[in-house]
Amino acid sequence: MIDFLSKLNDSQKEAVIHTEGPCLVIAGAGAGKTRVLTYRIAYLLSQGIRANKILALTFTNKAANEMKERIANLVGFENAKNLWMGTFHSIFSLILRREADKIGYNSNYSIYDTIDSRNLIKKIIKDLTLDDKIYKTNEIHARISWAKNNLITPQAYLANVSFQKRDLAKQIERFGEIYKIYCLRCFKSGAMDFDDLLLYTNILFRDFPEILEKYQNHFSYILVDEYQDTNYAQYLIIKKLAQQHKNICVVGDDAQSIYSFRGANIENILNFKNDYPEYKLFKLEQNYRSTQNIVNAANSLITKNAKQIQKNIFSKNETGNKIKIIKALTDNEEGFLVGNTIFELHQREHYRYKDFAILYRTNAQSRIFEEALRKKNIPYKVYGGISFYQRKEIKDLLAYFRVTVNPKDDEALTRIINYPARGIGESTVEKIENIANYHNVSIWDIITDIKKYVINIQDRIILKINNFVELIKSFISDSEQLDAFDMAFKITSLSGINKELQEDKSHEGISRYENIEELLNGIKEFSLNYLEENGKKPFLSNFIESVALITDMDNEKNKEDDKISIMTIHSAKGLEFKNVFITGIEEELFPSYLSVTNPKDLEEERRLFYVAITRSEKNVFLSFAESRYRWGKLTNCSPSRFLKEIDSKYIENPELLYDVKPAFFSNNFESPKNVQNNFKLNKPLFNNEKIVKKQFNNLDSSNNLQNFVPDDPEKIVAGMQVEHNRFGKGEVLRIEGTDDNRKALINFQNLGQKQLLLKYAKLRILK
1 MIDFLSKLND SQKEAVIHTE GPCLVIAGAG AGKTRVLTYR IAYLLSQGIR
51 ANKILALTFT NKAANEMKER IANLVGFENA KNLWMGTFHS IFSLILRREA
101 DKIGYNSNYS IYDTIDSRNL IKKIIKDLTL DDKIYKTNEI HARISWAKNN
151 LITPQAYLAN VSFQKRDLAK QIERFGEIYK IYCLRCFKSG AMDFDDLLLY
201 TNILFRDFPE ILEKYQNHFS YILVDEYQDT NYAQYLIIKK LAQQHKNICV
251 VGDDAQSIYS FRGANIENIL NFKNDYPEYK LFKLEQNYRS TQNIVNAANS
301 LITKNAKQIQ KNIFSKNETG NKIKIIKALT DNEEGFLVGN TIFELHQREH
351 YRYKDFAILY RTNAQSRIFE EALRKKNIPY KVYGGISFYQ RKEIKDLLAY
401 FRVTVNPKDD EALTRIINYP ARGIGESTVE KIENIANYHN VSIWDIITDI
451 KKYVINIQDR IILKINNFVE LIKSFISDSE QLDAFDMAFK ITSLSGINKE
501 LQEDKSHEGI SRYENIEELL NGIKEFSLNY LEENGKKPFL SNFIESVALI
551 TDMDNEKNKE DDKISIMTIH SAKGLEFKNV FITGIEEELF PSYLSVTNPK
601 DLEEERRLFY VAITRSEKNV FLSFAESRYR WGKLTNCSPS RFLKEIDSKY
651 IENPELLYDV KPAFFSNNFE SPKNVQNNFK LNKPLFNNEK IVKKQFNNLD
701 SSNNLQNFVP DDPEKIVAGM QVEHNRFGKG EVLRIEGTDD NRKALINFQN
751 LGQKQLLLKY AKLRILK
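In this text, residue positions in the sequence shown follow my numbering: the first is 1, and each later residue adds one.
Fair warning: there could be bad hints in the mix.
Simulated restraints, written as ranges between beta carbons of each label pair [stated by the list, open to error]:
1) Gln-47 - Leu-766: 32 to 38 Å
2) Glu-652 - Asn-160: 53 to 59 Å
3) Asn-440 - Ile-17: 55 to 61 Å
4) Ile-510 - Asn-440: 41 to 47 Å
5) Ile-510 - Asn-65: 31 to 37 Å
6) Ser-6 - Arg-262: 34 to 40 Å
Honestly, the hints are just simulated from the structure, not real lab data. By construction, the Cβ of each residue, glycine as well, lies at the ideal position given by its N, Cα and C atoms.
Modelling step: build the complete structure from the supplied sequences, incorporating the hints.
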């Protein structure tokens, strides 16, 4: 028996060592779900199972990377490095790139994000001269996503009479046509959206049984995190892959299934016993996160749900404080009272600001709390805003990268063909698009041989198009030689984006320029890591692949900043804080007015409230307002039914939930004063390529280590203390390989274990 099993409680240990056959691990909030998954994989590796025979699926890259690091610390990097571990989309994208030719794609296909998909849908609606007030882009996109996640192809959709009737009733009778054109345009552009990564994997396994059999035989053990959040497409892939060996372990909590709007199906976890009658059930019921009072209060709430797997969640932590109710006259006063309570706790109990989270049901509620915190000069961070990779300037530059890697990517190409402005107007682009669609080819196919087609375009504009084509061709040629950073830098300079943003001296322009700088910083870091870890040059295609598969959670910056976290409850899933404020707990807000008449939806709202309560370690505050502005009118509100479903013995002031009187007044709280703009330009903008190039080359010394001179890699041996200019100090655990292939396994103080090729690692010997 290996030593690390002693760190598990009895329930966790049972779930870890039962490796054969199907098993379901129900893990309550704070019960050590991630620990069981990581230790189970480490245990398999310790039993001699090869890492590449293990498939572990998560919902974020962040979760996968954290688990990989923990596993490496348990059994060593060398034993863990070949695990198939990652998000559903990253793993299935890897399989699809290997097998792309089977489904008519090239392995360098682009991956469209939500913005790319919606832009394409918008164009199709315009091409079909449909009313965009009826055919709303976001709704059409959501319906396409729903169809794909339920494995309904355009052909199947158009053949289904009930779908046609439903669309007719909604006055979107041409939806099926839009869906079909959308898929055709993606295909000719050599692109897939996120939903396609699941749909095409299912099609691949359906149409090529020999490919399915290859991966069934390859994966001896399959582990799935957050199984309650899987949709039908994910469920079916997992079920097919597990048919051969049936060594499938799924971990989750039905009480935390809150993503039905994304297609998640709680029935997947509830019906696991039907799919695998011989399954073994393990329950992790001890909550290590929260006080006894918080756990008991959450339990008393969730028992009101009919559809659930019975479990008895308990805590051995301190009894803790009772839940406190905050009753406000208006939504503005709610913000004021929450801000005051945080300020007092910060002063009296010496909590740091990062120990607090304000959670709400809808994004629109954030404004009130932002204003209240600003008045008290309390620092905060709103999560769920525009992520770094969705900002316009970043999307523009990434579009250049995408076209360089895959010139048939129409969405990326139309984004940059006249950016920066080069005199190729919208009407010209529209003419070219129409010709491309008519001939069912990509825009690149047209513009690289534009005189072959009859297009009413002036010669001077054709010259500009030819210049653009030559620019892109030069990028394509260079991308086969230069590494990711050098290629990215070249594109930034020669495309004109660098010059365009330098000339904009507004605050917004400076911010956009700094974002481009930050992107190049990231590519430099990616290139250095890739070279050190893989021993080969990273190309732009490698970077594009890594960026395309970033999830929302992966975009979030370091939460170590001492700021209050403000976010929706959905965004808070998987996080924990010492003090949690759950706000706006009123009828028709939470639960949402859309769910109150549907028992199934109401149960999900209750699960959402359960998730919110169990984010807290020490204190929970539940707030509601007696009146709230809606569309400019003050309306009366009632406390949510969920508040009264919590056993009152766990609430400090339950009397506040009763005898709520309506408020007939407009609030007279002072409006927030204008926040002073203290913007200062702390560093000069780069004015020429040499200076910029020097700046990014200096990233090799990003820790500002002065006079850092690496030692001869031949001198480095096991047991030495060394220093890396980015990773810091560490101990060399092992050396293997010879000559240019010598690798060092190093345990860095702040990063854990990393294996680096000594030829590229640039290490300084300390002792």
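Results for each hint:
The supplied range of 32 to 38 Å is met by Gln-47 and Leu-766, whose beta-carbon atoms lie about 37 Å from each other. The hinted window of 53 to 59 Å between Glu-652 and Asn-160 holds, with their beta carbons roughly 54 Å apart. Look at Asn-440 against Ile-17: about 56 Å separates their beta carbons, and that is inside 55 to 61 Å. At roughly 44 Å, the beta carbons of Ile-510 and Asn-440 sit within the given window of 41 to 47 Å.
A C-beta distance of roughly 32 Å is found between Ile-510 and Asn-65, which places it inside the suggested range of 31 to 37 Å. Look at Ser-6 against Arg-262: about 39 Å separates their beta carbons, and that is inside 34 to 40 Å.
Of the numbered hints listed earlier, not one is contradicted by the structure.
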